[in-house]
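Chain B: place on chain A using the hints.
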Amino acid sequence: MKTYITIKLFATLKKYLPASAEHHPIKSGVTVGELLNELQIPASLTKLIFINGKKGDSTSVLNGGDRVGIFPPVGGG
Amino acid sequence: MNTETINILKKKATPAKFPDGVVYTCLSTPLIKQIALSLKVSIRDLEITALAENIIPERYVRNMRMLSTTDQQMLLKAHVCIIGLGGLGGTVVEVLARMGVGTLTLIDGDTFEDHNLNRQLLATEETLGVSKAEIACLRVNAINSSVTVHCHDQYLDNSNADALMKACDVAVDCLDNIPARFILEKAAKQLNIPLVAAAVAGITGHVTTIFPQDDGLKQIYGNSENIRPKGAETILGCLAHAVMVIASLECTEVMKIILQTGSLLRNKLMLVDLTDYTIECLEL
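From first to last, the protein sequence lines are chains A and B.
Each residue of the first sequence is one higher than the last, beginning at 113 in my numbering.
Each residue of the second sequence is one higher than the last, beginning at 129 in my numbering.
Just so you know, the hints here were simulated from the structure itself, not pulled from any lab data.
Being a predicted model, the structure only gives us computed values, none of them experimental.
We put the beta carbon where it would ideally sit given N, CA and C, even for glycine.
It is possible that some hints are incorrect.
Said to hold, decoys possible - Cross-link-like lysine-lysine pairs, in silico, DSS-like; alpha carbons within 27 Å at most:
#, chain 1, residue 1, chain 2, residue 2
1, A, K167, B, K396
2, A, K167, B, K384
3, A, K127, A, K139
4, A, K167, B, K317
5, B, K161, B, K145
6, B, K145, A, K166
Claimed, not checked - Pair by pair, the computed Cβ-Cβ distance ranges are:
#, chain 1, residue 1, chain 2, residue 2, range
7, A, P154, B, A180, 57 to 63 Å
8, A, V142, B, Q282, 36 to 42 Å
9, A, G165, B, S376, 18 to 24 Å
10, B, T389, A, E150, 44 to 50 Å
11, A, G177, B, T403, 20 to 26 Å
12, B, L245, A, T171, 30 to 36 Å
13, A, T171, B, S352, 51 to 57 Å
Claimed, not checked - Partial list, computed: chain A residues near chain B (C-beta under 8 Å):
#, residue
14, Y128
15, K159
16, L160
17, G165
18, P184
19, P185
20, V186
21, G187
22, G189
Isolated chain B, as found in the complex:
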């Protein structure tokens, strides 16, 4: 962005205070959108420029005690691919859009059905029968218009995976069957990007992060040749609170990968069983 843009941002920015009285400089969401429109630049680029000048887009202000302005810029510059837009995916989309991950690629060929309503954030009575990818895209736009969304109303398979996931920095497994997870893992490895993988049954689940050189899913499910497509969820179903806990743990991993901070669940499996609040990080 040029000096003129920076000067406009500085001129329009106003002082504000955190709840504890610390002063910061900010721009409101409507004002950022208005400036972006008049300067014919993207909202995301404008937010990144503002953050670089220590001007905080007001929508991220409650992030800014835990994240630096540099961290928020890194999130805005990141591109995350979410595969599966049901229980896990709906929550992951919601969280990453609010967090300010700048580009989201959303992949799912399914439509919403009645039995999704118990747990899938994007499933409402109005969206029954409608494409999950289309609704996810509308949701992101409604939450955060600085996020660019690439929406694919199709299932991931071996023939389309590379093209759909190209240019992503991180992939998030929000799928509902085991063979599709192996297809996703293969694609993520080929594209040399990390994969955050999770699965749920009943009120238990697990989360891990797989880098291209890691053993990954075969450590969890055994070899892909002799696995059953579904697991314990066919008997237990999936409950909303457990799905959202596991999805939130996936988002934690995504944020740590993008910001290169904290410890990851690499070669580790976090097991969660809400029956007795078991949370264990196991070595794979």
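Same shape as in the complex, but just chain A:
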């Protein structure tokens, strides 16, 4: 059964944002790592992964309704 998540990508990752970001279909139980593969985002650019406002990682499992946010490393000042 298909479920849907919301994806938000920050800074240099914006270019990987799918058109369906607000309502992106996933198979329930898919991991963040699998989602990153699908979106073709290099793992080295995804140090900060948030699911529903809490820190997760590439092994975190996604469920319908989840909000996923991914931030690349940022070091400027």
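Below, chain B alone, put in the same frame as chain A:
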């Protein structure tokens, strides 16, 4: 300060009114400087004494509806170390000096270059090629002569960090690369002081506060051994308005730490993306 000093302050102080008509007693900036000079005491100590007597140094009067006279004394007694005096650092220096943080230690071994002019408050056409630490020191003196400035024209490293940051109550990360932030975090932990840390790329950035016992930067960047020195800012650059927003958020944390009030971004990361005005506090 002795009774004689207090009596002089009371005698010289004059009544004034807030815009809403509430009356307060104040001393002008030139008068405080003149009294400090004649009594051979520091301007900061004199301001602290005045505040303890409910006499408001006029320069802080627009603080005094949000801050108590005790709060302003706490700021004047605090010592904050700012590491990096570029985009974030220039604004943090400006804000903390105006806020009346009494002692500032400023650390940066860099000089101003053309590509700093787009966002760094202390970079002007006149300061190109000049030491960032030296210009920051002059700026603080120009804004608030009651602030004591310790100025270090050198980069923070593992060998000098403890000595440079000793005696500080709070450290503020205004650096421009990730490995230097880990050096700073290690030093702050060793010195047992809180660190306010931030970074910017383009018009996005993040801010957090790290106490000595907290996990800190590895929660944001991963382990220090396998990190790249720079992040998305190498592609996106940094824009002035975003840098100043993030720097102002750092100052908010510094003020809350000193005054021990309000909620901190401890074990939390405030993410800011000005593209669509995303501001989120995430749990680390």
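(message) Need the status of pair K145/B, K166/A: alpha-carbon distance at most 27 Å?
(response) violated (48 Å)
(message) Assuming the hint says 36 to 42 Å, is it satisfied by the Cβ distance from V142/A to Q282/B or not?
(response) For V142/A and Q282/B the Cβ distance comes to about 50 Å; the hint is violated.
(request) For L245/B and T171/A, compare the CB-CB distance with the range 30 to 36 Å and indicate the outcome. (result) Roughly 45 Å apart at Cβ, these two residues miss the hinted range, so it is violated.
(message) Checking hints one by one. Is P184/A an interface residue toward chain B, by the C-beta closer than 8 Å rule?
(response) holds (5 Å)
(message) Looking only at beta-carbon atoms, does the pair P154/A, A180/B fall within the given range of 57 to 63 Å?
(response) holds (58 Å)
(request) For the range 44 to 50 Å, tell me whether the beta carbons of T389/B and E150/A fit it or not. (result) At 46 Å between Cβs, range holds.
(message) Holds or violated: the 20 to 26 Å window for the beta-carbon distance between G177/A and T403/B?
(response) Given range 20 to 26 Å: holds, Cβ gap about 24 Å.
(request) Identify whether the interface hint at V186/A stands, where standing means a beta carbon of chain B within less than 8 Å of its own. (result) At about 4 Å, which falls below the 8 Å cut-off, the nearest Cβ of chain B leaves the hint on V186/A intact, so it holds.
(message) G189/A was flagged as interface toward chain B. Is the shortest Cβ-Cβ separation under 8 Å?
(response) At about 4 Å, which falls below the 8 Å cut-off, the nearest Cβ of chain B leaves the hint on G189/A intact, so it holds.
(message) Given G165/A as an interface hint, is its Cβ closer than 8 Å to any Cβ of chain B?
(response) holds (5 Å)
(message) Does the closest beta carbon of chain B sit nearer than 8 Å to the beta carbon of K159/A?
(response) Status holds, d = 5 Å.
(request) Given the hint that K161/B pairs with K145/B, test it: the Cα-Cα distance must not exceed 27 Å. (result) The given pair, whose Cα atoms are some 22 Å apart, holds under the 27 Å limit.
Violated hints, listed in ascending order, are 6, 8, 12, 13, 14; each of the other numbered hints is respected by the structure.
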